[in-house]
Amino acid sequence: MEVENSFGPLDIAISGLRAQGKQIEVISSNVANARTTNAGNGEPYRRLEAAFIADGDMGGVKLDKILTDSNEFLKVLDPGNPLADEDGYVAMPNVNLPVEMMNLTIATKVYQANAAVLKRYQQMVQTTLELLR
Amino acid sequence: MVNLNANISGIQNTMKSILEQSSVQPNKNVNMPTLGNPEIKGSAFSDTVKAIDNYLSNVDDLQQSSDMSITDLLSGKNEDITSVVSAVTKADLSFKLLVGVRNKLIEAYKQTMNMPL
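Line by line, the protein sequences give chains A and B. Numbering (this note's numbering) for the first sequence: 35 to 167. Numbering (this note's numbering) for the second sequence: -5 to 111.
To be clear, the hints were calculated from the coordinates, so they are not data collected in a lab. Incorrect hints may appear among the rest.
[Claimed, not checked] In silico SDA-like links for lysine to any residue, alpha-carbon gap of 25 angstroms or less:
| # | chain 1 | residue 1 | chain 2 | residue 2 |
| --- | --- | --- | --- | --- |
| 1 | A | Lys143 | B | Glu73 |
| 2 | B | Lys44 | A | Thr162 |
| 3 | B | Lys44 | A | Lys143 |
[To be verified] Here are some of the chain B residues that sit facing chain A, going by a computed Cβ distance under 7 angstroms:
| # | residue |
| --- | --- |
| 4 | Ser37 |
| 5 | Thr83 |
| 6 | Lys84 |
| 7 | Leu87 |
| 8 | Lys104 |
[What the hints assert, rightly or not] Distance ranges between label pairs, derived from CB positions:
| # | chain 1 | residue 1 | chain 2 | residue 2 | range |
| --- | --- | --- | --- | --- | --- |
| 9 | A | Lys143 | B | Thr42 | 41 to 47 angstroms |
| 10 | B | Asn72 | A | Arg154 | 22 to 28 angstroms |
| 11 | B | Ala38 | A | Lys143 | 46 to 52 angstroms |
| 12 | A | Ala150 | B | Met107 | 44 to 50 angstroms |
| 13 | B | Asp74 | A | Glu77 | 31 to 37 angstroms |
| 14 | B | Pro110 | A | Ala147 | 28 to 34 angstroms |
| 15 | A | Leu165 | B | Asn72 | 19 to 25 angstroms |
| 16 | A | Ala150 | B | Leu68 | 23 to 29 angstroms |
| 17 | B | Lys104 | A | Lys99 | 56 to 62 angstroms |
| 18 | A | Thr142 | B | Glu73 | 32 to 38 angstroms |
Yeah, the Cβ is synthetic: ideal placement off N, Cα and C, and Gly gets one too.
Whole structure, please, built from the sequences with the hints as guidance.
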């Protein structure tokens, strides 16, 4: 048993954990900025989306890039708001909270699945080592 | 984790002494008959022990890196928990394999020593 080879599934599971951790980070940024009317460039906050890429053949997953959602901003009628335009509308970020919550649930489940793979692989190696006794 | 490292050096000493015995003993008795080519020094067993010695330093490296990643995490140098999990799991699994091989080796040694002559 070579040291590097037997850790393959382990590294893949860890890469999955890392990727989903990044995904959860992106979702938390979206949720935190759900009402941010100024993202520093005068525009409301644009929703972010993490894109993943396969890390070679059977090498796990890695973060490709973080993309911005190009959907239109949400227009909210609020004439009294100092940020309102001449028609009384305020531009709000294109973040949809229920969608973010669904994505968060999916990311959490995938994270758990990767952790389960890691744990199960550890158990498998231990089962194999018990054959030595 | 510190205790494990102390454990490793203990195993390393045991392995070294086994290695010395296995490589020294055949050369002591010159009149002893040898199997196969007599020019090949060291038996297959001593090769195995050498391989175990190599694996031992591998395991030691993994233990050291897991130790270091834990220290980095606790001191705030590194905030990536997954890398700590990865290092600790690798160290754990390789250490378990090492212990399994060591137990098997010692068992073989005991069996050889208890052989009625």
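Quick check: does the Cβ-Cβ distance between B:Lys104 and A:Lys99 fall within 56 to 62 angstroms? The hint (56 to 62 angstroms, Cβ to Cβ) holds, given that B:Lys104 and A:Lys99 are roughly 59 angstroms apart.
Has the given pair, B:Lys44 with A:Thr162, been kept, meaning a C-alpha gap of at most 25 angstroms? holds (23 angstroms)
Can the hint on B:Ser37 be confirmed by a CB-to-CB distance to chain A that is less than 7 angstroms? This interface hint is violated because 22 angstroms lies over the 7 angstroms limit.
Range hint 28 to 34 angstroms: satisfied by the CB atoms of B:Pro110 and A:Ala147? Given about 56 angstroms between the Cβ atoms, the range is violated.
Indicate whether the distance between the beta carbons of B:Asp74 and A:Glu77 respects the range 31 to 37 angstroms. holds (32 angstroms)
Is 19 to 25 angstroms respected by the C-beta to C-beta distance linking A:Leu165 and B:Asn72? This hint is violated: roughly 36 angstroms between Cβ atoms.
Between A:Lys143 and B:Thr42, does the beta-carbon spacing fit 41 to 47 angstroms? holds (46 angstroms)
Have a go at the B:Lys84 hint: is there a Cβ in chain A nearer than 7 angstroms to its own Cβ? holds (6 angstroms)
Is the hinted range of 22 to 28 angstroms satisfied by the C-beta distance from B:Asn72 to A:Arg154? holds (27 angstroms)
Evaluation of the interface hint that places B:Lys104 against chain A, nearest CB under 7 angstroms: Given a least distance of 15 angstroms, the restraint on B:Lys104 is violated.
Taking the Cβ atom of A:Ala150 and the Cβ atom of B:Leu68, is their distance within the range 23 to 29 angstroms? holds (27 angstroms)
Starting from the hint 32 to 38 angstroms, judge whether the C-beta atoms of A:Thr142 and B:Glu73 obey it. violated (20 angstroms)
Hint compliance for this structure: hints 3, 4, 8, 14, 15, 18 are not met, and every other hint is.
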